[in-house]
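**Q** What follows is the residue order along each chain.
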Amino acid sequence: MAAIKADKNTALAALTTAALSLPGLNAPAAIPAAQIEANTSYGHYQESSNRMRVDVYHADAIIPLTDRIELAFSMDRDTYSGATPSFSMPASMTNVPKYKQKSDGTPASDVSYVDVIAAASGGVTAAGLTILGGLNGFQSFSDGNIAAQAEIAANKDLALTELQNTTDNDQAALEAGYQADQVLLKNTYEAELGSLNNAIPALTNQYHSQVDAVNAKLAAVPGNIDSARIMDFNKGMIQSAYAGFTNTAPIAGGGCAGSGASGCYEQNGMVIGIVQDTSNPIAHLHRAGNIADRALQYHSDSSGIYIRSLDSKAFSLDSMDFKAPINGAENPGSGPNDYWDILGFNTALNPTLDLGTGDCANYATCVAYQKVKNGFNGTLLLNSSFSNISAVWIHYHGYPQTPTDGAAFSMTLDNIRVSPVVALINEVNAYKAQLTTLSDAYNAQLAVLADPAQLARLTNNYTAQISALTANYTAETAALGQKYTDQSAQQVAAFNELAKQAAISLYSEILNSQIPTGTKAVQVFQVQPQETRTSPQFSARYYLDSTTLGISGGLSDEPDFLSNFGSANVSHEFNDKLTTVSAGYSLSSNTITRNGSAHSSHHATDPAHYPTDYAPLYETSSFNTFNTGIAQVLSKNTLFQSTATFTHQSGYLSNPYKYVYIRGEITPEEYYNLWNPPASGVDWNAITSLEVVGLDLFREVRPEQRNIFSLSNGINQFIPALDASVHFDYRFFSDDWGINSHAFELKWFQSLPWGLTVTPGIRYYSQSQAYFFAPYFLAPRADGYYSSDFRLSGFGDLSGGLTINKQFARGINLEIGAEYVTHSGSLKLGGGGVGDYANFNYYLAHANLNVDLSAKPLTGGKHSGHHMHDHGAPVPAGVLYGQMMNQADSIMVGYRYMYSGQSGSMQHGSHVVSDQTLVSKACDGFPNGCLYRPASMSMNMHMLDLMYAPTDWLNIMLMPQLVNMDMTMSDAIRPFADTTEETDFGGHGGATHHSNDIGDTVLTALVKVLDTKGQHVHVGLGISAPTGSIDAQESPAPLVGTTSTQVENSAVVLQDYGMQLGSGTWDFKPSLTYTGQVNNWSWGAQFSGVKRLDKNKYGYNYGDIFQVTGWGSYQLCNWLSASVRSVYTAQGDIQGESSKVHLITETVDYPGNYGGRFVDMGFGLNISIPEGHFADHNLSFEWLQPVATDFNGYQLERTGALAVSWNYSF
Amino acid sequence: MLFLTRWLNGLIYCGLLVCQGCATVAPWERGNLARKEMSTNPHPNLNSFRDHIFSSKEASQGGHSGAGGGCGCN
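From first to last, the protein sequence lines are chains A and B.
Using our numbering, read the first sequence as starting at 593 and increasing by one per residue.
Using our numbering, read the second sequence as starting at 33 and increasing by one per residue.
It is possible that part of the hints are untrue.
[Unchecked claim] Quick list of the computed label-pair ranges, beta carbon to beta carbon:
{"id": "1", "chain 1": "A", "residue 1": "Glu-1574", "chain 2": "B", "residue 2": "Asp-83", "range": "17 to 25 angstroms"}
{"id": "2", "chain 1": "B", "residue 1": "Asp-83", "chain 2": "A", "residue 2": "Glu-1101", "range": "45 to 53 angstroms"}
{"id": "3", "chain 1": "B", "residue 1": "Asp-83", "chain 2": "A", "residue 2": "Ile-1759", "range": "24 to 32 angstroms"}
[Unchecked claim] Straight line, CA to CA, 20 angstroms or less: simulated EDC-like cross-link-like pairs of lysine to aspartate or glutamate:
{"id": "4", "chain 1": "B", "residue 1": "Lys-68", "chain 2": "A", "residue 2": "Asp-1321"}
{"id": "5", "chain 1": "A", "residue 1": "Lys-1228", "chain 2": "B", "residue 2": "Glu-61"}
{"id": "6", "chain 1": "B", "residue 1": "Lys-68", "chain 2": "A", "residue 2": "Glu-1337"}
{"id": "7", "chain 1": "A", "residue 1": "Lys-1398", "chain 2": "A", "residue 2": "Asp-1321"}
{"id": "8", "chain 1": "A", "residue 1": "Lys-748", "chain 2": "A", "residue 2": "Asp-1078"}
{"id": "9", "chain 1": "B", "residue 1": "Lys-68", "chain 2": "A", "residue 2": "Asp-652"}
{"id": "10", "chain 1": "B", "residue 1": "Lys-68", "chain 2": "A", "residue 2": "Asp-1315"}
{"id": "11", "chain 1": "B", "residue 1": "Lys-68", "chain 2": "A", "residue 2": "Glu-629"}
Please keep in mind that the hints were generated in silico from the structure rather than gathered at the bench.
Beta carbons: idealized from backbone N, C-alpha and C, even for Gly.
From just these sequences and the hints, can you work out the full model?
**A** Okay, structure coming up:
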């Protein structure tokens, strides 16, 4: 290029150079920038109906390194939040009547109207899809199933009774024949004995009547359990609650009526339940402990524990682990009447106990009693009266029924030991001894009356006959019994199958609700927590004479998606630079994870509910893109360009947050099996290869490959008569997912006076749908690919926008623009787009500030070094408003970064305090004291410094800023007071809260007061506008209804005061700065303050600040100086208290724990480049080290602060 | 194969246009072409913002810049 310049006159050379700088594609300028060029821009995206919003902050700089090498850096930060469609489903499946569920899964009377598809949550269980509020909760199922099951059960009972009666008749006939045969044999035998000696019949008669009398007494002895047993609850305590009655009539087999949570707990032949409470139909006992060691819990929501043996036999209650420690609100009683009554009964069943007083004396059958003081916590030995009982009742004294007076008590039982009743064993043994005595005496008398040999022969003969008869009878009875068992089993199986089919058909009925063709779809939204994407990028270009080589790389990081990418491209100009061809390749490598749900319920992890067990998402994908393009000058006013791009995507291409409704992927029979899972558990992958997220709801699956071709064409036409140019662009896009799209765009660039360019534009876009897209699926697809993401549907976008561009003097260019987009299925080219359920509108707004440093004023045609813009010796980076520009019309742009951190121990004043102190003192107002403390906090501020000097004594400074804060909480610093507290406030331990967005904006006027050689004083008068939000939320608030995008405002919980991005108040910020300089030494001092002018909208304001600082610095060489500074800061605590619902468990949630008095030492370096490419740039760093701290209230130790400042003035 | 055909069609199309456009434009006649609004991308930041939004709301992507990145959307 130097050769060209030398040959022609300057004007022509300039024109030629300008002309030859025609952009190519992907290497847009064939001439490197001469000076640094920087952009900062902000974009805002907002969807209609309170849906998603995105804020995009962008900054970039192009830095020429040499004549041929150019570097560029850019940084993007997006924050996005709001509601986004999660899936869609047929409208006819919404508003389906459903019962509210009781804890045991049985329906209560209230009906609510819900979507058939339960809201997806972090944990899905078999029980959740069926018994816990899924399918079983729908009114049609509940009503239908109760009726069907009752009818089937009645028929079953009828059939079984008939079978039983037949069997009983057969058995009776058998028995009668057996008895008659026995009598015949006995008569024959006695006649034979009488023929031996006629005294024998009388003797035998007498003997038998005596034996019968003893046997009658033996039979009258109460039944007794046969062995010692322990009930430890560890195995088989499946239900979390038991509501069955054990004191009333049992069902066949000895258990209590009801099953599951409506029934009783049985172990080792013993059965435990509650005493029927006529005042409380939902009284129940609880399961306590964990899965490894269960126990039984009774507290103030039932009538007590009732224990008996399954076969109602007597037993001895020996001991039990009885734990009722005095415990806060749960079991507070310690007065004289606070004790537990244990009653023993001599009958197994004792109905209507709850109607008595609960005292032993009040019940005729009560034979044993023991009193246990509340607070007892150990193994309880029962007194001797419990050594022979048939039932036990344990209840809190004075409460034979569920308390209605608010009384609270709690006790857990474990390892209940029972054994056979010794007295009954003894009684039985005594009768058996009597029988032996009788038998011996009878045999001795017989031996006297007859010849023993003959007697033996007759007796043996008789015994053998009886044995044969009995054996025959036993065999026939057994056969009859077997026949009955087989037949009844068949009957039961047949009826169970009937019951199953009835339930399955009811499931089918709900799942296959009538959906006429063309039933509208309804979208269901999910609220997205505010998240941030950060994307730094770097690129370099190397310029050869007519060829440009470029490489770039970068990454994009958001909480669930990390992308690393790089590209290489080349462009070549020929045909006298009328033609530019280019080619490039880029690679993106992505890692996709998924944010878990914040607090999933205990149901989701309880093995008894058979949760799904999908591994956390960790997937990758890669995109390979090739492009080639051409730009051609067609005439002196026309440029044409075209680019072809091919992209191959592979890996995980699904959206991990999108769901699809698919009917039939899980069949009603499979749902039935989930309702009654086998003990071995549920094999989810055998049911479906898709990930289940709700009723008939699954995560979407897209193919793992995608090939994309697109061709972009554009023509730019300049119209000299109008001083305008028009751009028309068309892009064709096609991929092997079946999506074809066309995008047309027309823009009119109209130049106006005063450096203005106005650009109206319209865009139309249309796409066809992916082959695996549907709003909902009424049958599974053979290929297993599904998506209901609106982005893959057929639709069109129509948009119109306007951009206004203003070129200021000195290379500053401001561009603002807005665009409104209508997204609609009916806008699809050729029709056939998706239904209007997915329509929405959005707008984009955008502002860009471009600073081109090569456009400096040509004073002297040469840089005059930094003296031209002398604004005194540099001040340390941490000092704001410390410098003035003393030449009228000067402009300074700068960027300032400030970090401050806190971590380590908690302090009160200047002393370290323990967690116990925090609990007792730091959270005044939270009933049981602080639950958490901050573990670490950090704040990052990015400030843009824009300064203009209208005159030499006045500078106006504007400082917008971006704030980013993180706070990590400790684990709980004390035990939870009770389960309510744990439910409400648990789960925050170790959590990190974030907030980031625009902070407050400061506008300051700096007025020169004194300016002599080496001495300078100026006053700063600043005002801080509350542009920063004070609404940083703890977590996204739920939606009012699943198909609505209205946020439930009452559920919004704000983060603490320190995490808010702005003050919410207009603040006055005065300062007074003095600087001095002699030779290489310079020094300065500043007084500054912040005065809050009012309280903010939530009724509080941050403390006022006063700061004084002094520094000295030494110029080490002509571009580097070092500084030392000391700072004293005093800040008041927060005045007032937030009227909005906010967190309350931590020290930082209390206004008194803010502000204090601080001393810091600062160590800084300052780099000022006097000449060359980077003349007039100033870069400084300063570290502020805390020296002394005197906090108000209780706060986290300070660790230091960093300030980095770059500025450039011209 | 569909893609190959489209590629070829695209290339032929481009080639035809290039031949048509071979009129000579002298360097000093290129003043209008050198104007900022006649460049292929007069508003690079605005366009990258729009592309970012459009590619997160439409199935189509690419055609403007080479390298990819995250979506910042769900």
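**Q** Taking the earlier hints as the rules, which of them does this structure contradict?
**A** Failing hints, ascending: 1, 3 and 7.
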